[in-house]
Amino acid sequence: DAMVIQNPRYQVTQFGKPVTLSCSQTLNHNVMYWYQQKSSQAPKLLFHYYDKDFNNEADTPDNFQSRRPNTSFCFLDIRSPGLGDAAMYLCATSGSSGQRYEQYFGPGTRLTVT
Amino acid sequence: QKEVEQNSGPLSVPEGAIASLNCTYSDRVSQSFFWYRQYSGKSPELIMSIYSNGDKEDGRFTAQLNKASQYVSLLIRDSQPSDSATYLCAVITLRAGGTSYGKLTFGQGTILTVHP
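Taken in sequence, the protein lines are chains W and H.
Quick note: the first sequence, position 80, residue 80 per this note's numbering, numbers continuous.
Take the position in the second sequence, starting the count at 1, then add 1000; the result is the number in this note's numbering.
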């Protein structure tokens, strides 16, 4: 089945220790998104890629970076995690043609910062 | 005014009843509307998308869109305990000259509890 995969599902890192989260998709979608979701809040968009074009949200901290080496994979790098970065990180994908923009989410990575 | 607002909830309904979830949006030119279901600790799952005025039915779910009144709703018939989750309303608004895909604007979510 076509899907969005995220690894790892759970990640524990130490304060200030860089961490990388990965996302892959078999949907052949050209748009990939990274969201941060904290408890009882809606997902918050960090950035997205349209093909290789990177689009950063204005309020995304510089501590968050992303890479998309090819259509299928996208990475979220947190350079110096703080306690406030503990959250669920969600990857999503969508197409860009016609009027259908449904976004499909991966299972998420739960990040804990100690 | 928030861009997308949902009824605050939590909403509690008995098993077998109809659950009604409502959402209003502020931008009159919004084009695409979605309902996501999110179980505790899980990621959002797309359950309905609607683009035109009227009703769209899928199994026990019916989405209703009224662009003149700027609201979209989700009805769940014959509610089951397994429907207990947070329901997120999301909207995409495309701008003239903008990209052909869109960023989701989420409401704050409504927690639904279906009790036996």
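Read the hints as simulated data drawn from the structure, not as lab findings.
Don't take every hint at face value.
Said to hold, decoys possible - Straight-line C-alpha distance at most 25 Å; calculated DMTMM-like pairs for lysine to aspartate or glutamate:
no. : chain 1 : residue 1 : chain 2 : residue 2
1   : H       : Lys1042   : H       : Glu1005
2   : W       : Lys44     : H       : Glu1003
3   : W       : Lys38     : H       : Glu1045
4   : H       : Lys1056   : W       : Glu102
5   : W       : Lys17     : W       : Glu57
6   : H       : Lys1042   : H       : Asp1078
7   : H       : Lys1067   : W       : Asp85
8   : H       : Lys1042   : W       : Glu102
9   : H       : Lys1103   : W       : Asp85
10  : W       : Lys17     : W       : Glu102
11  : H       : Lys1103   : W       : Asp59
12  : W       : Lys44     : H       : Asp1027
13  : W       : Lys44     : H       : Glu1045
14  : H       : Lys1103   : H       : Glu1005
15  : H       : Lys1042   : W       : Asp53
16  : H       : Lys1067   : H       : Glu1057
17  : H       : Lys1103   : W       : Glu57
18  : H       : Lys1042   : W       : Asp77
19  : H       : Lys1103   : H       : Asp1027
20  : H       : Lys1103   : H       : Glu1003
What the hints assert, rightly or not - Not the full set, but computed from the structure, chain H residues with beta-carbon under 8 Å of chain W:
no. : residue
21  : Gly1016
22  : Ala1017
23  : Ile1018
24  : Val1029
25  : Ser1043
26  : Ser1049
27  : Ile1050
28  : Asn1053
29  : Lys1056
30  : Ile1092
31  : Phe1106
32  : Gly1109
Stated by the list, open to error - Counterexamples of contact, computed for chain H against chain W with all Cβ distances above 10 Å:
no. : residue
33  : Ser1012
34  : Ser1032
35  : Asp1058
36  : Phe1061
37  : Asn1066
38  : Gln1070
39  : Gln1080
40  : Asp1083
Note that beta-carbon positions come from the ideal geometry of N, C-alpha and C, so glycine has one too.
What hint numbers does the structure not satisfy? 7, 10, 15, 21, 22, 23, 24, 27, 28, 29 and 34
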